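Going line by line, the protein sequences match chains A, B and C. With the numbering used here as the guide, the letters of the first sequence map in order to residues 1 to 353. With the numbering used here as the guide, the letters of the second sequence map in order to residues 354 to 598. With the numbering used here as the guide, the letters of the third sequence map in order to residues 599 to 780.
Hints are computed from structural coordinates only; laboratory data are not their basis. Just so it is clear, the structure is predicted and the values come from calculations on it, not from any experiment. It is possible that some hints are incorrect.
[Said to hold, decoys possible] Derived pair list, reagent style PhoX-like, types lysine-lysine, alpha-carbon separation capped at 20 Å:
(1) K274/A - K300/A
(2) K350/A - K301/A
(3) K699/C - K711/C
(4) K3/A - K763/C
(5) K343/A - K681/C
(6) K547/B - K397/B
(7) K44/A - K495/B
(8) K2/A - K618/C
(9) K3/A - K749/C
(10) K681/C - K2/A
(11) K3/A - K681/C
(12) K749/C - K2/A
(13) K682/C - K343/A
[Stated by the list, open to error] Label-pair restraints from in silico Cβ distances:
(14) K343/A - M599/C: 14 to 24 Å
(15) G46/A - T765/C: 41 to 51 Å
(16) L110/A - R435/B: 21 to 31 Å
(17) G509/B - G609/C: 26 to 36 Å
(18) A710/C - K3/A: 26 to 36 Å
(19) N188/A - K699/C: 54 to 64 Å
(20) E704/C - K293/A: 30 to 40 Å
By construction, the Cβ of each residue, glycine as well, lies at the ideal position given by its N, Cα and C atoms.
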Amino acid sequence: MKKILQGNIALCEGAIDGGLDAYYAYPITPQNEVSAYFAEVLPKLGKVFLQAESELAAINMVFGTALTGKRAMTTSSSPGISLMQEGISYLCGCELPCVIVNVMRGGPGLGNISGSQQDYFQSTRGGGHGDYYTIVLAPFSVKEIYEFAKESFLLAEKYRNPVLIIFDGYLGQMMEVFDTESDEGKLNVKIDEPIDKSWVLDGTKNRPSRKIHSLLMAEGELEKLNLKLKEKYDKIRRDEVRVKFYNVDDAEICIVAYGMSARVSLEAMNKLRKEGLKVGLIRPITLWPFSYKEIKDVTKKAKKFLVVEMNLGQMIEDVKLAVKGEAQVYFYGRSGGSLVSSKEVIENIKRIL
Amino acid sequence: MTPTKFVKPKSLKQTHHSYCPGCGHGIIHRLVAEVIDELNIREKTIGIAPVGCAVFAYDYWDFDVSEAPHGRPPAVATGIKRVLPDRIVFTYQGDGDLAAIGTAEIIHAANRSENITVIFVNNTVYGMTSGQMAPTTLLGQKTLTTPYGREANRDGYPLKVCELLSVLDGTKFIARGAVTNPKNVIQTKSYIKKAFIKQIENKGFSLVEILSMCPSGLHMTPLEAVKWVEEELTKFFPLGVYKDV
Amino acid sequence: MYEELFIAGSGGQGVLTLGKILVYSAMEEGKFATYYPSYGAEVRGGTANCMVKISDSFIYSPVVEEPTMVTIMNMPSYIKFLKKFIPQKFLFLNTTLIEEKTEIIEFLKSHAKNLEIVRVNATEIANKIGTTLVSNIVMLTTIVKRTNVVKIDSVRNILSKIFSKKTLDINLKAIDYVMANV
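So here's chain A without its partners, still in its complex pose (with noise of 0.2 Å):
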């Protein structure tokens, strides 16, 4: 069945269809669409939604309702993140399972509304401090940023660990027709065994009671927090990497993009292929973990890369470690919340060629 949404909703009915149990967040320019639907929503369903006073006080709230077991949800901007990553090392640190999504705009400092990628490294270099790492998620289309935000939940309580969706302001902001019924944009997360809920604070009714914290003073006791969560880490590398290759098989270069700016070298793609030129694209789906293996393993055949995002150079030094110097990396972007455009793309590529 066709529908059109707009991404911001998509979210929301991703969200909702999910499991949302309580949604905290700050207005910020472009995802206020956003707490308008829930506001309007969510009373109607029996869940809670309410608006905190400042996305510090949002995160926190999410840390609450993370400790009982329930599904929160924060949704913000740039510079309302910043603001979020105190708690969100406390949530990693205290394994507590929750959505953040980041609809991402220019910066720094106050920036602008428009879109941009301007926050790869805060997204997926931790943005906070300590040792961890928060599930990334980048959808490039209205059905998957449904489908993401549906399945993050369940993908947040099998590891017990924050997931944080970004997109940029051009994808929450635009409207677009999709198939409910196909299997698009799906994450398929698989339930090996049952989700451990025995942390979870609720009252001691009968039951030993329970502690959560992430203050560990004792003798190595924090190595030893911090070796369980690389383990945990390391079992996400393994079994999460989701990528997705386009016309990758022939190619002499490829695009490396995600979101919107896979969208736009997709199209730069056709029309070079249109051409007779060799060209595939690499998008990542998960940014952390990165596939690294998987577009190592390109290289085999092409041996030019050109990365094209909306900043100046971040998810570049990823791919850059993933060729590990078997191939070329080029780069093309935009800044300030400004497009990327498929011309450019194709100018870039075939000065490359």
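With chain A's structure known, arrange chains B and C on it following the hints.
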């Protein structure tokens, strides 16, 4: 007696605002500019703009102005005043900036009796982001995030900033005005002047809360908004001087 | 089929609604469609424009770079956008509010020799029908009538789903008028 010319204050730039028709910011920007001119402090004034509709205030005033992250102007003002105590430092903040995300900063700047002036514009909605609930939104008032009306048990009660801050020993001048009619406007200007004089005399923290109109956020015509602020809002947020020590 | 549309006007002229009706209609007909809106800094009275793509197959980029059709509803948009968004097939102009400039026409024709310029007195016609608020529908009907980018019955269908009775009546009246007279 020759009539005085109605001129633009020196502290106001010769540019067009982009504020909505009926918005109170235009009036309040001018009042601040007039007071600064009349007290002859333009050359030693540094203002801090908020995040909100008045984020562009630095394009309208003709003295030094900085932006600050949302809610942080009182902390930024502190940083300036502590190292340049002879300058006149003021913040200009909306209800989200001051009373939501910035509650810690305003309480502590007030508590330390920072020798700064705060102009607090209260229009009960978040205008810039399309009209969400503000801390000062009235019970029952419908906004983008209270589509069924603000409820005490879910969203809390409207925050009375003047009343709240007056309790702190560090606050020296607290007043609430409005800009809905000529009488109010003149009264509010006198409060603003008193507040800046407090700072000039090194007496400590001063704040003027100003009830203002946001026709866009309130989904009213400019005239309806003026009527609503004058008749409904002043009932809940009484005008007057709350503290003058 | 694959059409890229760029539509621009002032805030309040219904430019974004025009774009949305097009994509909803396209969806009704089983097509793929994307819609991307852009607003000027001012909330009211600023510029508004949207990018619409309609296609039989998956649309990769929702960003319009080389539009097949451009629609301009007011003078500031006429001056501002035609250097960047050069229509390849059709240019629809709301002549009520636009005073054409020869250098712009020449510039456009030099880039697209077969460009067809369709002039519609949209705001004036809307006024005659009853309200300038339907000038976007007058323009939309003209576009559909001339290019068949979607079917007019799909548009009628969509309007009946999104408008209340009173609004629907005047809009349908506008469609009927344009179909018969323009």
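Hints, one by one, checked against the model:
A threshold of 20 Å between alpha carbons decides the hint, and for K274/A with K300/A the separation of about 24 Å lies outside it, so the pair is violated. Distance hint between K350/A and K301/A is fulfilled; the C-alpha atoms sit about 18 Å from each other, no more than 20 Å. Between K699/C and K711/C the CA atoms are separated by roughly 17 Å; this keeps the pair inside 20 Å, and the hint holds. In summary, the hint linking K3/A to K763/C is not supported, as the alpha carbons are separated by about 24 Å, beyond the 20 Å threshold.
A C-alpha spacing of about 16 Å is found between K343/A and K681/C, which places the hinted pair at or below 20 Å, so the restraint holds. The suggested pairing of K547/B with K397/B holds, with an alpha-carbon distance near 18 Å, which does not exceed 20 Å. Annotation: proposed proximity of K44/A to K495/B holds, straight-line Cα distance about 16 Å (limit 20 Å). Between K2/A and K618/C the alpha-carbon distance is near 15 Å, which keeps this suggested pair within the 20 Å criterion.
The hinted pair formed by K3/A and K749/C meets the criterion: a straight-line CA distance of about 18 Å does not exceed 20 Å. Restraint check for K681/C and K2/A: the C-alpha separation of about 36 Å exceeds 20 Å, so the hint is violated. Distance check on the hinted pair: K3/A and K681/C sit about 34 Å apart at the alpha-carbon level, beyond 20 Å; violated. Among the hinted pairs, K749/C with K2/A is consistent with the structure: their alpha-carbon atoms are about 17 Å apart, no more than 20 Å.
For the given pair, K682/C sits about 13 Å from K343/A by alpha-carbon distance, which is consistent with the 20 Å threshold. For the hinted restraint 14 to 24 Å between K343/A and M599/C, the CB-CB distance of approximately 22 Å keeps it satisfied. Take G46/A and T765/C: their Cβ atoms lie about 33 Å apart, and the range 41 to 51 Å is violated. L110/A and R435/B have their C-beta atoms about 24 Å apart, which keeps the hinted 21 to 31 Å range intact.
Roughly 34 Å separates the CB atoms of G509/B and G609/C, a value that falls within the hinted 26 to 36 Å. The supplied range of 26 to 36 Å is met by A710/C and K3/A, whose beta-carbon atoms lie about 35 Å from each other. Under the hint 54 to 64 Å, the C-beta atoms of N188/A and K699/C, about 56 Å apart, fit the expected range. Range check, E704/C to K293/A: about 56 Å between beta-carbon atoms, so the 30 to 40 Å window is missed.
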